[in-house]
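Visitor: Each chain is listed here by its residues.
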Amino acid sequence: MSKSLYERIGGEAAVNAAVDIFYRKVLADDRINRFFETVDMEKQAAKQKGFLTFAFGGPHHYTGKDMRQGHAHLVKQGLNDSHFDAVMENLGATLKELNVPAELIAEAAAIAESTRNDVLGR
Amino acid sequence: MPQIRFENRTYALNGDESVLDGLTRQGVSIPSSCRSGICQTCLMRAVQGRPPADAQKGIKETLRERNFFLACACVPMEDMELSLPSDDDLPHIKARVVSKERLNHDIMRFRLRPAAEFNYRAGQFINLHHDDWVRSYSLASVPRGEDFLELQVQRLPGGRASGWLHDECKAGDELNLQGPLGDCYYTQSDVEQSLLLIGTGSGLAPLWGIARDALAQGHRGAIHLFHGSRTAAGLYLSDELRALTQAHANFHYTPCVSGPDAPDKIIQGRANAVALAQFPQLKNWQVFLCGNAAMVKSTKTKAFLAGAALKDIHADPFEFGVTPPREESAQAQG
Chain W
1 MSKSLYERIG GEAAVNAAVD IFYRKVLADD RINRFFETVD MEKQAAKQKG FLTFAFGGPH
61 HYTGKDMRQG HAHLVKQGLN DSHFDAVMEN LGATLKELNV PAELIAEAAA IAESTRNDVL
121 GR
Chain S
123 MPQIRFENRT YALNGDESVL DGLTRQGVSI PSSCRSGICQ TCLMRAVQGR PPADAQKGIK
183 ETLRERNFFL ACACVPMEDM ELSLPSDDDL PHIKARVVSK ERLNHDIMRF RLRPAAEFNY
243 RAGQFINLHH DDWVRSYSLA SVPRGEDFLE LQVQRLPGGR ASGWLHDECK AGDELNLQGP
303 LGDCYYTQSD VEQSLLLIGT GSGLAPLWGI ARDALAQGHR GAIHLFHGSR TAAGLYLSDE
363 LRALTQAHAN FHYTPCVSGP DAPDKIIQGR ANAVALAQFP QLKNWQVFLC GNAAMVKSTK
423 TKAFLAGAAL KDIHADPFEF GVTPPREESA QAQG
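Respectively, the protein sequence lines represent chains W and S.
Those letters in the first sequence? Residues 1 to 122, per the working numbering, in order.
Those letters in the second sequence? Residues 123 to 456, per the working numbering, in order.
Zero decoy hints are in this set.
Below, a list of computed lysine-lysine pairs in the DSSO-like style, where the Cα atoms sit at most 30 Å apart:
id, chain 1, residue 1, chain 2, residue 2
1, W, Lys3, S, Lys179
2, S, Lys424, W, Lys76
3, S, Lys387, S, Lys419
4, W, Lys76, S, Lys419
5, W, Lys25, S, Lys179
6, S, Lys433, S, Lys182
7, S, Lys179, S, Lys405
8, W, Lys65, W, Lys76
9, S, Lys433, W, Lys25
10, S, Lys405, S, Lys182
11, W, Lys96, S, Lys424
12, W, Lys25, S, Lys182
13, W, Lys96, S, Lys405
14, S, Lys424, W, Lys43
15, S, Lys433, W, Lys43
16, S, Lys182, W, Lys43
17, W, Lys25, W, Lys76
18, W, Lys25, S, Lys419
19, S, Lys179, W, Lys96
20, W, Lys25, S, Lys424
21, S, Lys179, W, Lys43
22, S, Lys419, W, Lys43
23, S, Lys222, S, Lys292
24, W, Lys43, S, Lys405
25, W, Lys65, S, Lys179
Short derived list, chain S residues pointing at chain W, Cβ under 7 Å:
id, residue
26, Cys156
27, Arg157
28, Ser158
29, Ile160
30, Cys161
31, Gln162
32, Leu427
33, Ala431
34, Leu432
None of these hints come from the bench; they were simulated from the model.
All residues carry an ideal CB built from backbone N, CA and C; glycine is no exception.
All chains, full assembly: derive it from the sequences and hints.
Guide: Written out as structure tokens, the structure is:
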């Protein structure tokens, strides 16, 4: 049996290594940081961790409905494809920085990409 | 099978069942979201019994030490008694005022003797209950070597609590405290790590405790404390802090005055801006931010972007119940 993406990418340790790097990139990105402004950075980081675990093919219980509900208030504030693209770009750059092989980055990107319509409420 | 106690009832768990699954199955609703040990929505605290290591993965060291854990990832090895995170389960304790001393024109130092043993970490805070009000005040004392609890209370314009403390409360009075609360305190993970402490106004109170606590625990890395005030008259404990720099070569103190009246040898500027200009790279630093809530919030983001890990940034924003009329009055606790 072949190993899952989550195992090949390095599991929870990989998520832990990625989360601060990814969150920092997002907060420094003027195209999207207004969507991530919050008083509670720990909660926001935990959400990023959930997203990365999902993209890495790890254990999760999120459904398309959760994705829609969780982002509906952001769609009202104008969240669109260009912002989703920016997040994808930051995800790719994070994994590259961690020297994750290109084929695994592509697999993670494809999983993240699969949420686009739910996140954007379409 | 281990049993768990929660809100005065006992629940039995099945084989590999998590606390969250077991409680949910028996009709108890616990806030939760990812159910995968990641989002930390289902944070609970073990009052009795130890949570297994797996249930504490990824949560802050300061919470781990106090037996917080994630209900979805907790398959108990032994009987446990649990509570949800809340202030209400904290014990009340009486404490007598032993001294009251003015530190500057609007900050008063109170030293209190608790009626019973009171375990806390330097930098935590207490809730003070009096009449019909409750206010949070940081502890400025250190548990090792000081047998009193110290509060440094800043008078707020029209503030009922700070007004009562400044004008009426006197030595010999008995106060009703609850606590300790908060997770802004020093934990020793690396004695060589650099520490950055930034406080405005009476935000110096917890930092005065944290710095001395770190030194008492043998911290060897550099400790940089920046204290900010709008006016030179608002600075306090300067002599004590300078004495601390004499006693410890790794301790550094930088008072900052943001208004126009900065005297000679005092840096003119906001404490957070001065600190981040001096230390633009904060990778592997531990950062402590206390005082004005807007300062704490913006500096937290900046420290994170400067490379500090989120788990290494400890913040104690002083919230004021209503929108403060002016920036310098934005502190409700001292």
